[in-house]
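Q: Please build the complex by placing chain B on the supplied structure of chain S, with the hints as guidance.
Protein sequences appear in the order of chains S and B.
Under our numbering, the first sequence is numbered contiguously, ending at residue 201.
Under our numbering, the second sequence is numbered contiguously, ending at residue 201.
Please note that a few of the clues may not be correct.
Said to hold, decoys possible - If you want a taste of the chain B side facing chain S, the calculated C-beta under 8 Å gives, among others:
(1) Gly21
(2) Ser26
(3) Arg29
(4) Ala30
(5) Leu34
(6) Gly43
(7) His53
(8) Thr67
(9) Gln68
(10) Val90
(11) Leu116
(12) Gly118
(13) Arg139
(14) Ile142
In case anyone wonders, no lab produced these hints; they're calculated from the structure.
Ideal Cβ positions, reconstructed from N, Cα and C, are used throughout, including at glycine.
Number of protein chains: 2
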Amino acid sequence: MASTTGPEIEKLIQLLARVPGLGPRSARRAALHLIKKKEQLLGPLAEALQLAHDRIMVCGACGNIDTQNPCVICADHKRDDGILVVVEEVSDLWALERAGAVRARYHVLGGVLSPLDGVTPEHLNLAALAVRAADPAVREVILALNATVDGQTTAYYIADMLAHLTHIKVSRLAYGVPVGGELDYLDEGTLSAALKQRTAL
Amino acid sequence: MASTTGPEIEKLIQLLARVPGLGPRSARRAALHLIKKKEQLLGPLAEALQLAHDRIMVCGACGNIDTQNPCVICADHKRDDGILVVVEEVSDLWALERAGAVRARYHVLGGVLSPLDGVTPEHLNLAALAVRAADPAVREVILALNATVDGQTTAYYIADMLAHLTHIKVSRLAYGVPVGGELDYLDEGTLSAALKQRTAL
Numbered sequence: 001m002a003s004t005t006g007p008e009i010e011k012l013i014q015l016l017a018r019v020p021g022l023g024p025r026s027a028r029r030a031a032l033h034l035i036k037k038k039e040q041l042l043g044p045l046a047e048a049l050q051l052a053h054d055r056i057m058v059c060g061a062c063g064n065i066d067t068q069n070p071c072v073i074c075a076d077h078k079r080d081d082g083i084l085v086v087v088e089e090v091s092d093l094w095a096l097e098r099a100g101a102v103r104a105r106y107h108v109l110g111g112v113l114s115p116l117d118g119v120t121p122e123h124l125n126l127a128a129l130a131v132r133a134a135d136p137a138v139r140e141v142i143l144a145l146n147a148t149v150d151g152q153t154t155a156y157y158i159a160d161m162l163a164h165l166t167h168i169k170v171s172r173l174a175y176g177v178p179v180g181g182e183l184d185y186l187d188e189g190t191l192s193a194a195l196k197q198r199t200a201l
Numbered sequence: 001m002a003s004t005t006g007p008e009i010e011k012l013i014q015l016l017a018r019v020p021g022l023g024p025r026s027a028r029r030a031a032l033h034l035i036k037k038k039e040q041l042l043g044p045l046a047e048a049l050q051l052a053h054d055r056i057m058v059c060g061a062c063g064n065i066d067t068q069n070p071c072v073i074c075a076d077h078k079r080d081d082g083i084l085v086v087v088e089e090v091s092d093l094w095a096l097e098r099a100g101a102v103r104a105r106y107h108v109l110g111g112v113l114s115p116l117d118g119v120t121p122e123h124l125n126l127a128a129l130a131v132r133a134a135d136p137a138v139r140e141v142i143l144a145l146n147a148t149v150d151g152q153t154t155a156y157y158i159a160d161m162l163a164h165l166t167h168i169k170v171s172r173l174a175y176g177v178p179v180g181g182e183l184d185y186l187d188e189g190t191l192s193a194a195l196k197q198r199t200a201l
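Isolated chain S, as found in the complex:
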């Protein structure tokens, strides 16, 4: 390739290939498309990335990312201070916000406990969670962690960590059939959970 294109294009392709969702092949296609749409896409994208680089920071209170610290959610006075929703990653926070199911505060752990990958409690944003949960205003901590082994291990660890705070309730998301889901395609674990936690109609 060195003889076909300049090092600038080669560098761009290599960097694009590291973006999740793109591989070496699609990065080349993406680079060509960007260059073709120079003024409409390449320029604005370069600017948006630079702006993101310069202005985005991690919220000191909850771990969300934003261009302000505290973030818009932490700065929002209309949210319920009594509920703390604990999530693994910022993407989970965004997913819950899209669902719009809860107008409360969040706490981003930055991962889950995973002894095999060397992720121990010290690597997660847990100390700050303990401090926030101890606030007398807090009534409930909802553990909105993934329904994976590591996610649930982390949930039990946090429940244990907060057990001495008798003024708060610690809950987790319900297990069950996803809305629109067909039973035939669901795994046994989900079906068992959905049966066990059946509700009166």
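A: Relative to the frame of chain S, chain B by itself:
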């Protein structure tokens, strides 16, 4: 989303979603990953895009893109001036260069004739091709166009356009079984072509 993240992140996600290979969902994931890898990926990518925006241009001779004009291929004195390889897009040029099968000159059409999409001969880089092919140094024009209806229509149009140049040979890529291909998975058109153009062993 407006309440979750600042407009800068939202803008970035929207622009990333327009990159081929990424959709609205993967653009969000990509944006988060980029922000997480701020110094290792986000910054360098922003710079590489800006550099590409500022320095990449279309080669005035062949239509390739490069940071120099004429491009490295056109400026390369070791290539055979007698052979002109006509391709649809820059990506096809790159694919042929990766294969390294021909050390000649290229001519990028910028598309194929497609009356249904309103692409007529005036929209393609055809006038320049006629001029280049008329050069007495040229012996052969290889039409390396896609084996699609539009690609082949364009090939016949070009062959017709160059028919008065009796000093050149106009050829096209061979049709046949792809190397490593299994007959069982090939379409009838390819199999018929491969049979018709069988070669002595």
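Q: Measuring from the C-beta of B/Gln68 to each C-beta in chain S, is the shortest one below 8 Å?
A: Holds, about 7 Å.
Q: Quick one, is the B/Arg139 hint okay against chain S at 8 Å, beta carbons?
A: With a minimum Cβ separation of about 23 Å from chain S (threshold 8 Å), the hint on B/Arg139 is violated.
Q: With a cut-off of 8 Å, does the beta carbon of B/Val90 approach a beta carbon of chain S closely enough for the hint to hold?
A: Where the cut-off is 8 Å and the nearest Cβ of chain S is about 6 Å from B/Val90, the hint holds.
Q: Identify whether the interface hint at B/Ser26 stands, where standing means a beta carbon of chain S within less than 8 Å of its own.
A: Since chain S brings a Cβ to about 4 Å from B/Ser26, closer than 8 Å, the hint holds.
Q: Could you check if B/Leu116 really has its C-beta closer than 8 Å to a C-beta on chain S?
A: 21 Å, violated
Q: Would you check whether B/Gly118 satisfies its interface hint, that is, whether its CB is within less than 8 Å of any CB in chain S?
A: Since the shortest Cβ distance to chain S is 18 Å, the answer is violated.
Q: Going by Cβ atoms only, is B/Arg29 closer than 8 Å to chain S?
A: Since chain S brings a Cβ to about 5 Å from B/Arg29, closer than 8 Å, the hint holds.
Q: Given B/Ala30 as an interface hint, is the shortest Cβ-Cβ distance to chain S below 8 Å?
A: 5 Å, holds
Q: Identify whether the interface hint at B/Leu34 stands, where standing means a beta carbon of chain S within less than 8 Å of its own.
A: 7 Å, holds
Q: Minimum Cβ distance from B/Gly21 to chain S below 8 Å?
A: This hint holds: B/Gly21 lies near chain S, its Cβ roughly 4 Å from the closest one there, short of 8 Å.
Q: Hint check: is the beta carbon of B/Gly43 less than 8 Å from a beta carbon of chain S?
A: 5 Å, holds
Q: Tell me if B/Ile142 is really an interface residue toward chain S, meaning its C-beta lies closer than 8 Å to one of theirs.
A: 17 Å, violated
Consistency with the previously given hints fails for numbers 11, 12, 13 and 14, ordered from lowest to highest.
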